[in-house]
Amino acid sequence: MINLKDVRDAARDMLAKGEVRAVIGYRRGSRGMFAEPAFLDRPEEADELVWDPTCFHNLSLYLVHDRKHLAHAGKKSGAPVAIVAKGCDARSIVVLLQEHYFGRDDVYIIGVSCEGTGVVDERKLARHLNGAQASNAAFDGDDFVFTTAQGEKRLPAREVMADRCLECRNPFPKEHNLVYGEDKTGRQLEAPFAALDRFEAQGAGERWENWARHFDRCIRCFACRSVCPMCYCDECVVDSITFPISTETTADEKANRIRWIERSAARSENITYLMTRAMHLAGRCTDCGECDRACPVNVPIRLLNTKMEKEARDQFGFEPGASIGGPSLVASFLDKDPGEFIR
Amino acid sequence: MEKILDKKRLDDWAAALTNYEVQAPSQEDGIWGFQPVNGPVRLDHTNTKQPPKEFAFPQREVFFTFEQIKGEAPRLTQVLPQAPRHAVFGVRPCDGRGVPRMDKVFNDHVEDTYYNTRRKNVAYVGLACNKPPSANCFCLSVGGSPVSTDGLDVLMTDLGDRYFVAAVTDAGKALMAEAAKVFSEPSATDQKQVKQAHAAAVAHPQRAVNNPDQAPAKLKASFKSPLWDELARACIGCGICTFLCPTCHCFDINDEVHGKAPLKGQRVRTWDNCQFPDFTMHSSGHNPREGTGARLRQRVGHKFQYFYENFGMHQCVGCGRCITECPVGIDIINVVNKVAENAA
Amino acid sequence: MPHNIYLPNLARVIYIKDEVPGERAIRTFHLEPLDGGWFDHECGQCAMLSVFGRGEALISIAS
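Protein chains in written order, with our numbering: chain H, 1 to 343; chain Z, 1 to 344; chain V, 1 to 63.
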C-alpha cells in the first residue's frame with residue numbers, strides 16, 4: 001500500500017535540492033473528489049500531491065508538452081522533470097524514450113503501482129453512485145471507498161474500474177527511478193483483450209452496425225488525439241488544424257497542402273480520422289485508455305487500439321513499451337516473422 | 001396557458017404533433033441525446049450530452065453548391081436548410097437560456113439566413129430541474145434558474161404522476177393546442193404544488209460563481225494575469241468544452257470539392273473552436289493566442305466579459321458541461337473565481 | 001427573404017501585374033465584378049478572396 005507521505009516527501013526533497021525542474025503529479029481538483037494534473041515548481045507545493053482511484057490521467061502527455069515548450073522557446077532542458085507514473089503511464093514513457101522524444105536523463109520517473117486494483121471509470125462510477133456526489137475516493141484492498149453526503153460507500157473495485165485496468169497485465173511501473181507500492185504483476189481480473197474479444201464475437205454485420213453508429217456520433221473534438229502522449233506530431237496527417245505555419249512557409253506550400261479529410265464531422269471523414277489514428281498507434285499504444293476516457297460521446301476508441309495491439313502480439317509477440325532498448329514494432333523485423341516479403 | 005398533463009398522456013401529446021418532428025432525450029451507448037421520438041417519451045434524463053443547439057446551428061451546414069467549367073464563370077446554387085418543424089422535448093432551462101443568446105449572435109448587425117431558417121421552425125419544450133441534473137450545475141450564478149422560461153416555448157414541471165405544463169410563447173400555445181384533449185385544467189392544489197416544486201428547485205444548493213456581476217470588470221482587469229497560464233497548464237487543447245457548450249457558436253467555412261472536371265463542390269460551414277491551436281493562426285505564421293492560457297482566457301472572457309459588454313448578459317448559462325466533460329479538470333467556476341479573487 | 005451574407009460576389013481577374021518578383025512575389029490582381037454589384041465594407045473590415053477548388057486568402061481593404 002502506497003503511503004502518500006513518502007511520495008510527497010520525495011517530491012519536496014527533489015524540488016528543494018533542485019534535482020528536478022518540476023514534479024508532475026496529481027492533486028485534488030475543484031469538482032468534487034476527482035484528481036487533476038498538478039505541476040509543482042516549489043517544494044512547499046509537495047503537500048498538494050494526492051494518490052487515489054481517481055488518478056486516471058496519463059501524465060506523460062505533459063512531458064511531451066514540456067518538450068514542445070522548450071523547443072518553442074529555444075531552451076535547453078537542464079534538470080529533469082519528475083513525473084508520477086502508473087504501470088501504463090510508465091510504458092508510455094518507455095515508448096517515448098524508444099522514439100527518442102527525450103532522453104532518459106530528462107525524466108525522473110516516480111512509479112506508483114496500482115497494486116491490487118486500478119483507477120475508476122467515471123461513467124461506471126456514476127451509474128453505481130446513482131446521483132449521489134462523492135467528496136473522496138480511497139483504495140482499500142479489493143474495494144474502493146467513496147465518501148458521500150449519505151455516508152461511506154464501499155464498492156468492489158472491479159465493478160467500477162476502467163476496462164483497461166481489468167485487463168491490465170502490468171500494473172507495476174517497471175521503468176522507474178523510484179517506485180511506491182507492491183509489484184502485483186499478473187493480477188489481471190479479466191483476460192487480456194477481453195473487451196475486444198467480446199466485441200469481435202459478434203458477426204461482421206453487427207460489428208459494422210455498431211461501428212457505423214459510433215463513427216456517426218464522433219464530433220471530431222480531437223480529445224482522443226489531444227490527450228494521447230503518442231500523438232505528438234506537430235502536423236497531424238488527418239486534419240488541417242495543426243498545420244504548422246511559419247514565416248518561412250510559402251504560399252505554394254499552404255495552397256498545395258493535401259487535405260486528407262474534410263472538416264465536416266461526417267461518417268466517411270470520422271472513419272478516416274479514427275482509423276488512421278489507430279494505425280499510427282500500432283505498437284506504440286500502451287493501453288492507458290485516455291482516448292476512451294476523454295471521448296465525450298463514448299466512442300469505444302480503445303477497441304481500435306487494442307485490436308492493433310493484439311495483432312502485434314499474435315503476429316510478432318510484440319509488447320509495446322516493454323523496454324527502452326527493445327525494438328519498435330514497425331522499425332524492426334525478425335527472421336521468424338510470418339510475412340514472406342521481409343526475407 | 002397553464003394545463004395539467006397526466007404522465008400517461010405524454011405520448012398522446014407527442015403523437016398529436018403530426019406537423020412536427022418530435023425530438024426527445026433518449027439514451028444510446030450510455031449517452032443522452034435528442035433523438036426523433038420512436039416509441040414512448042421518457043423524460044427521466046439528467047441532461048443531454050449535447051445541448052439542443054444543433055437544431056438551429058448544426059455542426060455542418062451547406063451554404064451553396066458551385067460548379068465551374070474551365071474558362072467559364074462559376075455557377076452558384078444557394079442551398080437553404082430544408083429542416084422539418086421540430087418540437088424538442090426535455091430541454092433543460094439552462095439550455096433554453098442558450099437560445100436567445102444564440103439568436104443575438106446570429107442577428108446582431110447582420111442576419112444569418114441559415115440559422116434563422118432553422119430557428120423559426122424549432123419549438124423548445126422545457127423541463128424544470130426539480131433537482132440539479134449535474135453536480136456542476138450553476139445556473140443560479142449566471143442569472144438563470146432551474147425553472148427559468150427564458151428561451152423556452154413551453155415549461156413542464158414534474159409533479160409526480162403528472163406534469164404542470166405552462167405555455168411561454170405563442171408557439172408554445174400552438175403546440176399545446178394541437179392536443180387540447182390530452183390536457184386538463186390545473187386545480188388550486190396543482191398551482192400550489194408547482195409553486196412548491198419551483199421554490200424547492202431554486203433552493204437546491206448549487207456550485208457558485210462568486211459575485212458574478214463583478215466578473216466582467218474583474219476579468220477585464222486581469223487580461224495580463226499570469227493566472228491564465230497557470231490555470232490552463234493542464235489544458236490539452238481539445239474541443240470538448242466548446243463543442244458541447246449551448247452558446248459557443250464559432251464556425252469555419254470550407255469548400256469541399258467533389259469533382260474536378262467540371263469543378264464541383266459545396267461551401268460548407270462547420271463548428272470551429274477557440275481552443276484549437278489554429279483558430280487564430282495567421283497566414284504569416286504568427287499566432288496571437290499562442291498558448292493554452294490565452295485560449296482559456298478567450299473562452300472564459302467571452303462567456304463572462306466580452307458578451308456581457310456587448311449584450312448586457314453573461315453568455316454562460318451554467319449548464320456545467322464544460323466542467324463535467326473536461327478530461328483534465330479545467331473548471332470554469334474555479335477559473336472565474338480564482339481570476340476574480342486575484343484581480344487588481 | 002433577407003440578403004444572404006454567405007453568398008459571395010463573383011469577379012473576373014482582368015489582369016495580374018508583377019510588382020515584386022521572386023519567392024515572395026507581390027502581385028496586383030485587377031478584378032471586375034461579374035454580377036454588377038460590389039460589396040460594401042466598414043472601416044477595419046477585411047475580405048475573404050477565394051478561388052473555387054484552389055483555396056482562399058484573407059485580404060485587408062484599403063479605400
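Hints may contain errors.
Stated by the list, open to error - Calculated cross-link-like contacts (lysine to any residue; reagent style SDA-like; alpha-carbon spacing at most 25 Å): (1) H:153 - Z:135; (2) Z:173 - Z:76; (3) H:68 - Z:173.
What the hints assert, rightly or not - A short list of chain Z residues far from chain V (calculated; beta carbon distances all over 10 Å): (4) 28; (5) 46; (6) 68; (7) 111; (8) 255; (9) 288.
No lab work stands behind these hints, which were simulated from the structure alone. Glycine included, every Cβ here is placed at the ideal spot set by N, Cα and C.
Beyond 10 Å from every Cβ of chain V: is that where the Cβ of residue 28 (chain Z) lies? holds (33 Å)
With the threshold set at 25 Å, check whether the alpha-carbon distance from residue 153 (chain H) to residue 135 (chain Z) stays at or below it. holds (18 Å)
Tell me if the straight-line CA distance from residue 68 (chain H) to residue 173 (chain Z) falls inside 25 Å. Status violated; Cα separation ~57 Å.
Is residue 288 (chain Z) truly not at the interface, in the sense that its beta carbon sits beyond 10 Å from all beta carbons of chain V? It holds; residue 288 (chain Z) is separated from chain V by about 14 Å at its closest Cβ, greater than 10 Å.
Report holds if the minimum CB distance from residue 111 (chain Z) to chain V is greater than 10 Å, and violated otherwise. violated (5 Å)
Minimum Cβ distance from residue 46 (chain Z) to chain V greater than 10 Å, as the annotation requires: holds (36 Å)
Can we trust that residue 68 (chain Z) is non-interface, i.e. its beta-carbon lies farther than 10 Å from all of chain V? Violated, since 6 Å does not exceed 10 Å.
According to the definition I'm using, a residue is off the interface if its beta carbon is farther than 10 Å from all beta carbons of the partner; does residue 255 (chain Z) meet that for chain V? Check fails; 6 Å does not lie beyond 10 Å.
Pair hint residue 173 (chain Z) and residue 76 (chain Z), alpha-carbon separation not exceeding 25 Å: This hinted pair is violated, its Cα atoms lying about 40 Å apart.
This entry does not satisfy hints 2, 3, 6, 7, 8, going by the numbered hints stated previously.
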